[in-house]
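All chains should be built: construct the whole structure from the sequences, respecting the hints.
Taken in order, the sequence shown gives residues 1 to 885; the numbers are from full-length UniProt numbering.
Since the hints were made in silico from the structure, they are not lab data. Hints are not guaranteed to be accurate.
What the hints assert, rightly or not - Derived lysine to aspartate or glutamate pairs resembling DMTMM-like cross-links, with alpha carbons at most 25 Å apart: (1) K443 x E311; (2) K613 x D595; (3) K499 x E639; (4) K2 x E67; (5) K499 x D96; (6) K499 x E606; (7) K798 x D656; (8) K613 x D708; (9) K443 x D430; (10) K720 x E639; (11) K613 x D483; (12) K499 x D459; (13) K720 x E709; (14) K2 x D61; (15) K613 x D527.
What you are looking at is a predicted structure, and each value in this text was computed from that prediction instead of being measured.
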Amino acid sequence: MKIGLLVFGLAGLLALVSFMPPLAGRLRLPYSVLLAIVGFILGVIIHVHGWAPGLVADFLDTLQHFEISSETFLFVFLPVLLFETALATNLRRLMDDISPILVMAIVAVVVCTVAVGFSLAAISTYGLVICLMLGAIVATTDPVAVVGIFREVGAPRRLTTLVEGEALFNDAASIALYSVLLSVLLGGTTPAVTDIFRSFMVSFLGGGLAGFVMGRAAIELFRWLRGWPTAEVTLTVALAYLTFFVAEHYLGVSGVVATVIAGLVVGSSGRTRMSPTTFEQLEGSWAQFGFWANSLIFLFAAMLIPRMMAEITWMEVLLILVVFIVTLCARAVIVYGLLPLLGRVRLSTEVSPSYRAVMLLGGLRGAVSLALALAVTEQPAVPHEARQFIAVATTGFVLMTLFINGLTLRPLIHRLGLNQLSPVDRALRDQAQVVELEALRLKIDDIAHNEHVGGEVLDRLHAVFDASQTGVDAAQVHQLSLDQKVAVGMGMLAGREEKMFFETLKAQVVDWRTAESLLARAERLGDAVRSGGLRGFEAAVEGDLRYSLPLRLGLRLHYLTGWQGLLVRELAQRFTNLMCKWSVARRLIQFARTDVQPLLGAEVTEIIIAAHKRRLTLLEGALQALALQYPNYAQHLQEAYLARMARSMERIRYRDMLAHNLISGETYSDLIQQTDARWSTMERPGALDITMSAASLVQRVSMFEGMDERTMAAIRRVLKPRLFMPGQEIHTRFGRSRAMYFVASGAVVLDLPDGTTAELGSGQIFGEMALAMDDDFQARARSLGYSRLLMLQERDFKRLQQRYPMLREKIDLIVRQRLRAMEVWRQFESGERQHEPLPDLGRMAADEAPADADEAQALEETGPADRALEEPRAGVTGEPPTAAT
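This is the structure:
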């Protein structure tokens, strides 16, 4: 076919489909069903178009000569459809329901294949392999048909996610089974079930891995293309096709799964790696690509129907009915059997009966099944009777699902009320309408007064307001319980928080790493609020303040090896996250007062504000602990934050000036360049100096003062610097070995065996009792803040004691003092001094005369910080003072 005629035919089809959406709306038909009807009509008339005028005849003649093969469907249209649907899917909500989705995508395909295959083999003359192949072809639900109808009728979000996720992944299972059965049919060998299962798992999991790697590679490339929207969009188009082709032809794994995973990766991470305006442009572009591919694939597939149904017999009509009934029963087994079982064993959230009813009829088939059937007809090695049967049965079955299931879904969803607002949402809608209409009435009155509008005009407008407010039941919101209203309000603030974080990204106040972390945590917080209300919010806030997995890994690596690179990076990330959350939490409280209170009332708003104030207090505590420990870095973060805000506001101002024609486009570009240069110096990443080298930390321990350089060099070699987070437990025993610690900075609390506590600060030591006495003294140590400690292991402790007398004398002195204090406390606790006043343990230890001149000299050398060890402080429990271990 000439290129000109090809372009003419495609342009004509695109012009035709541009009128299909409004026509489908007028006829109240699902868009995919209307496309199937139009495609079928085109397929009929292209063979008898002698009556048409020249232009129409040329168009129909061009369509007649289109070479529509199975590879056209699979390699031209399918990657676009899969990638577009995956790009628009919320990965987090998909993962929340991944168990039922995989059951419907994999188990349901296998069950349908087996059920159809054995049923048809029992009542027809076709072989089992042919019948199983037909079962695999009709087992796949079409993402275009399913998602299109669900979006048109306004199905609930979770129901759409379930059916959409099934349609995304079951293509891979169906195509994998189809490929195995086709090879069996062509080769004449029957592989073992284990071989089929192994081949499927390799194809499925390998495709997922390939898609993830290629998706992440594209995400990294976005950093190089940032600022070039057309290039970024083009890269995603190339990614869809390259992922599908490379996975299928070079890696031998599922291209369907690879394309879906790549789309999910780009959809979840692209909004933070691209500029926000580019990501919005990307979504719009892919929506357009999806519309073209959706429309054309349905038209082309439907145009094949007359040809594939030309030789249909009444026996084949009967077999098509059997296939339809068997697939419906097989789907019912999964929907009403396995899905409730998943809920009972807590592998997924319970799927409601109304959802299951819609999912039963939601298994529409479409172009993918027709493409696989067309691929069979292109295999000359397959017997003609088998090709004819598969083509006719598949085409008839697809038409039945489109016209029976597709036309039934809309009234079923309406009948079950799944497209209606919940009572809470209806009450909130009416309250919002009352508030906004009243505010709008006041604004219109002001405008009428300022513009000198006549009273008659204003009266007619007031009549519209009165009629609108008459149909609104403003009392509905007051009929909700307090918990319901609080849950609604918390949900509002959760959604607002996510939007605020995205706005900070759009304003370039934070980088993509921080934005990705903040948006992910905001989504989790929103999910917790929607599922648990106020309690879910409070639990999520506590979880949000816990240390992340990378931070714990950094701590572990630092503890085991002393390497602090990952730890420094994650601490800096935590610092930035806390600062952003603190800023947003303050603005959320103001948002609740100004926007939520008119809708839900003062009582509910105060409860919501109190919860967010508690969160703000926790954030302030966590942030203050870091800021006190790293004041220079905290100051740098504040400077960078304000600089980014200033740059954002300056850019917005210049954009407004450009929009109002105050400056030209060239002037705007020059001003933006000057703005970026002006504030770029304050955006350099700061250094979070945790000063964890032994050489720097030993200077903070006064116990080491006065020691000769030879002894200090030996001490520095064996001491291992360790950082501990607030609340983190400090272990003094590692298998058979033990260790003691020197507190370089921070604070440590000891939970002693008698139930009391002791706090140790900079310069103090703990764990030495067990080493000196060769006994396990049971005391649990916890870090009160961000504490820098120096760890001395048992073998090094004994070696230092033997070689360096000055260090041994200092430690022996501390041990004797603490042993004496412990003995006095035991006497007091046993009642031997129950009639005497409470002893001052510190004074008793200090008043005891040194045993000799060396001990007196050692006591003098300990300095004031170490002499504080002689006066153990009372713990937070309020119990009598006790000695530290």
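Each hint, compared with the structure:
1. K443 x E311: With a Cα-Cα distance of about 70 Å, the restraint between K443 and E311 is violated, given a limit of 25 Å.
2. K613 x D595: 17 Å, holds
3. K499 x E639: Distance of about 24 Å is within 25 Å: holds.
4. K2 x E67: 12 Å, holds
5. K499 x D96: 21 Å, holds
6. K499 x E606: With Cα atoms ~22 Å apart, K499 and E606 stay inside 25 Å; holds.
7. K798 x D656: 73 Å, violated
8. K613 x D708: Violated - the C-alpha atoms of D708 and K613 are around 54 Å apart, more than 25 Å.
9. K443 x D430: 20 Å, holds
10. K720 x E639: The hint is violated at about 34 Å.
11. K613 x D483: Holds, because 19 Å separates the two Cα atoms, which is no more than 25 Å.
12. K499 x D459: Given that 25 Å is the threshold and the Cα spacing comes to 39 Å, the pair is violated.
13. K720 x E709: It holds: about 18 Å lies between the C-alpha atoms, which stays within 25 Å.
14. K2 x D61: Judged against 25 Å, a Cα distance of about 12 Å means the pair holds.
15. K613 x D527: 20 Å, holds
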